[in-house]
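Visitor: Each chain, written out:
Protein chains: 2
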Amino acid sequence: MEKIWLEPIGLVRTKAIGREVSDRGRVSEIILREDLAEALDRIESFSHLLIIFWMHGIPNEERTRKKVHPRGRMDMPLVGVFATRTPYRRNPIGLTLVELLEVRGNILTVRGLDAFDGTPILDIKPFDRWDTAEPVRLPEWRIRLEKEANDKRQ
Amino acid sequence: MEKIWLEPIGLVRTKAIGREVSDRGRVSEIILREDLAEALDRIESFSHLLIIFWMHGIPNEERTRKKVHPRGRMDMPLVGVFATRTPYRRNPIGLTLVELLEVRGNILTVRGLDAFDGTPILDIKPFDRWDTAEPVRLPEWRIRLEKEANDKRQ
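Chains V and A supply the protein sequences, listed in that same order. Okay, so the first sequence: first residue is 34 according to my numbering, each after it adds one. Okay, so the second sequence: first residue is 34 according to my numbering, each after it adds one.
One or more hints might be untrue.
Identical copies go unnamed one by one, so any copy, or any two together, can satisfy a pair.
Stated by the list, open to error - 25 angstroms max Cα-Cα, derived DMTMM-like pairs, lysine to aspartate or glutamate:
#1 Lys-99 x Glu-71
#2 Lys-185 x Asp-161
#3 Lys-180 x Glu-40
#4 Lys-185 x Asp-56
#5 Lys-185 x Glu-77
#6 Lys-36 x Glu-94
#7 Lys-36 x Glu-95
#8 Lys-36 x Glu-132
#9 Lys-185 x Asp-68
#10 Lys-36 x Glu-53
#11 Lys-99 x Glu-173
#12 Lys-36 x Glu-173
#13 Lys-100 x Asp-150
#14 Lys-185 x Glu-95
#15 Lys-100 x Glu-135
#16 Lys-180 x Glu-167
#17 Lys-36 x Glu-181
#18 Lys-185 x Glu-53
#19 Lys-100 x Glu-67
#20 Lys-36 x Glu-77
#21 Lys-48 x Glu-135
Rather than coming from a laboratory, the hints here were simulated on the basis of the structure. In this text the structure is predicted, and so the values were computed from the model without any measurement.
Whole structure, please, built from the sequences with the hints as guidance.
Guide: Set out below in structure tokens:
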């Protein structure tokens, strides 16, 4: 199958480093290419956006993994990469739902983007009602990770 | 900014043609590359998946549009492409939430994938609770399109 080329439409700006990036309350900016600012017109009429980005920190040799332990934890089962959100995947595309806080020219201020400073943005889509499913079934390991995170917060 | 190269991980198989593709009740198959079948391990423990695909039918010259009328309808406002789900976008990446019905080897059977036969698949992600926001704010034009679709169904 033929390869596909993409062009970054902008970059992430954040002061978060290391694990701080995963904090869903964190505010960061998406700096769109100036020639594309017009393509954001009226985006502020949506409260939430889906951000598709390129996890550029993943070396090519890490794209060949087929199975991983979620979060690299050996107490979690070994599962296929497509059954996890690991960045170590064939095409290291990131996908995150964010809250849109502000639009100024070519700059979007968003809450909840778990991407590092300098991450290339591939696409921005408005979040719509059809992007939701309820109820969802999750595996035991995922519920265990969720419970741990909740316990830590309390 | 440098261009990014991606590799299709599989293809869509569907009998749907034309507008039938948008029918969210329709069942289609994702044929993963055989060498990647292992990367689907345990994916059936999730009820829903996010499918990221490449809208290969969009010619390169259509990737430069900055504004569109949603659904090509002149009675809808002219809005920035990133404020719509139009395929005429800088990087024609498709993103759809589907219900996972069956997994057999390298073949996933899913409901609700609005992609044409032969569409290259870029990534498959399990749908998780953090992929949901409630309530969401939508623009007037989007609510109008939704109401029309509901009226038609009744």
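Visitor: List in ascending order the numbers of the hints, as given earlier, that are violated by the structure.
Guide: When the structure is compared with the hints, numbers 3, 5, 8, 9, 10, 12, 13, 14, 17 and 20 turn out to be violated.
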